[in-house]
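Colleague: Spelled out, the chains give:
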Amino acid sequence: MFTTPRLILIALGAAINCSIGTIVYLVKLPIYLDSIGTILIALLLAPDRMAAFVCAWAAGWVGLAVSGLINPFLPWFAITDVAIALVAALLIVPAAATFRARPARGGPFAFQVVLCGAVTGIVSAIVSAPVVVYLFGGVTGSGSAVVVALFLKDGLHLMSAAIMSGLTADPLDKVLQVLLAALLYRATPGEFITLLRAPEPGAAA
Amino acid sequence: MTRRELISGPNFSGRSAALMALLHDEFAAECFYIGPYSEAALSGLTSTIADEIDLYRARPATKSAAMPASLGRPVFPAFDVAAFSRREPQTLSGGEQVLLALHAFSLSSYPALAIDTALEQLDPQNRDAALDYFDRRKGLAANVAMIDNRLPPPLVGWTSRERSADTHAFDCDPRRLVADLAPRQAPAITIRGLTFGYRHGNTIFRDVDLALAGGTAYRLAGPNGAGKTTLLKLLVGVLAPNAGELTLGDKPYRPWRHGNRAIALATQNPDHQWSGATLADDLARRRAAFARAVDAECFAEPRLEKLAAALGAHSLDVHLYELPLAARKRLSWLWPLAGALPWAVLDEPSLGQDLATREQLAAAIGQLTALGYGVLFVTHDDDFAARIPHRVLAIGDGRVKAL
Amino acid sequence: MTPNGGFAVGLILIALSVVEPGPRGAAVLVALALAFAIIEVRAASLLAARRAALVVLPLALFMGLVWVGIVGEAPYQIAADAVGTRAAALVYVAKLSGRLFFIVTVIQLVFLRFADLTPLQLIRALALPVAVKRMLAITLSLIETLRHAIDRAHIALIASGTLTRAPSLRNALHSWRLIQAVWLSAVTIMLGRMRDKWPVENTMARLDAALAHVPARVFAGDDRIWLPITLGAAAVTLLADLVGKP
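Protein chains in written order, with the numbering used here: chain E, 7 to 211; chain U, 4 to 406; chain X, 2 to 247.
Don't read these hints as lab results, they were simulated from the structure.
Okay, the calculated bits of chain E under chain X, using three or more residues with CB under 8 Å as the criterion: (1) 157 to 167; (2) 184 to 190; (3) 196 to 202.
Treat the numbers as computed from the prediction; the structure is a model and nothing was measured. All residues carry an ideal CB built from backbone N, CA and C; glycine is no exception.
Using the sequences and the accompanying hints, generate a full structural model.
Modeller: Spelled out as structure tokens, the structure:
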């Protein structure tokens, strides 16, 4: 399962999650963009869903551990990462062929991006809400805290506000993330993908 | 008896594959590998030079075993490693990374060394030192296999394996790019009082004054690490000088603030210059960015397809990162030699290219200069430089001297 | 002090801060962290505090704006359906920010304590399985590779006229190109290494050998002073809360 190229891929995915996620976090937009690496890993390991799930999960957690040095809130959302990895393996992996088709077919591509992004976003919002409410009382440092606050002002209870805020921001965020990951996947050299499928390189030698 | 194997032949004759087969079938044990370009010279697993050396340092297999016999191996002296020990390996220049790799090898216990064109990045002095180090009589008890485009067989003390071209799919002739270009008067670039040093490093340029005229080819010469690539980065706007001014023609030129306006750059490692995944993408970006400076008709697709074909790419939709390395290097010459911008700057353009291609490239650069374009090139290959009428700019000790 | 000791002390301090000690417990933690900073880290402690402030201050301001400014109630008041006040919200945000500042400072202090070690030396000294150490080393190296890829992509896009070095609207519009260029650059670098250099050299085995050195004892030297003190402080912190509660 964990050949050297896959270990590298996990670390690379984690690094992407960290870097883009941290920039967005610091700018305080109500989006996250912190799972592009996770989704990209799942696409690159298509069609092996188990490998996609495990490696995407690993990248998510390694990324959290490193991002946690800058964003102390993030490590607590570990379960969300598992959920995203699961959705990626089940729903996004089958879409890989559509994303990679050369030349691109606009309709199916867009449809898959929106579908995968929306589902991932809804799942992520629902799984994250309890963490936001019970661990942080609704107070997180991400831009989406503003949305929670606005819902609270409207008279919603905290859990409802957290869920509503999630359902407002998360699907859009995840659609964007799936789009970016799909575009990066399209551009990836085929040799790299082959290396990820192979047994340990040099081991056969 | 240790082996010295030289694998030679034109580009695309399968030399790299033959090298790998040699290591696998005949050398059999693990082998230290120095590939083309800096990223393939070092392990990539360390973030300081001290760690890189430590990673490869000979260690006993178990606590109780004796130290490996390799400790009798002569050490290859690289630059002042102790002074650089906390620096990141990736901040070294290409040639310096190759030297560091050789140094690490000399401290390791690897029984064999393979070099794929890496020595071409070394300046003449370091290159001679490396070849001298491999001389059997100097006591290096290790097998060495090498590919080098500037070492035509026979080489004394080395066994030659000659290969012939496998495929003609990437055949090229760079002279065709400049064949139909119209003459052009490139504006002069003047540099006054240029001072630059990296934040945590030495001063590379101290109060440099330089006048570069169009219609002339300049060769930037200097030892590895002197600052040649740094000067190119300053001209293109990747780096901003600490002090000094540039003018282009008679107007002030600040590419670090307003962007590159006049220089078509071919980087040492071709992968440092792509701005798209396909060639079409990359060229479209460049046309869009220089829309005002570039004649749109001149860069319409039919002409671009012809130019790409002249360099071995039979479609603009080719995926750049999926091409073999030597083919990518050739495509990196397209933008500078296409006559898009008045100044063509080429950083070690002949790396990894066989003799026939180098001669053609030199002719193309010479023709470009004769048409009035400004040309600046860096190379350690004196033979290649001799084929291009040029003036020498010597870099070293913070100064740039026109010779 | 060994890295194992340093990390252990840091982890205990962070764990204690997370269980929300009362004022007495918090005072004990702060005192211990200060002692660690002054004795072990010395001058670099100011750097640790400054970095923590850089991370936490904008965060605190943002949270204050949202919870004191917009919402005007503390979360526990909302959850209890009680009437909320801005003062309570301010106190809540302040406590949360204080805790975050403490956590980030402790992390920085521990890393700065061992700043004279190279990354490989630091990872080697940790008492962890080799597989974990290998993953740590690879992840760190990938961050370096990514930085290098960003540098390469930057050069390419500036030279091709797409970006400028100085911030500009052009840069914002083309940020996607930069992301794509960085990804392709990183993949190409890694491909070369994984296909050619690493298999031929068996570089992973070199890495394992370099990381496999196990120190004779997990904790040594000053660890034997700091760890008991930290554990003692932990006990005091936890008990102080229990004693204080009615």
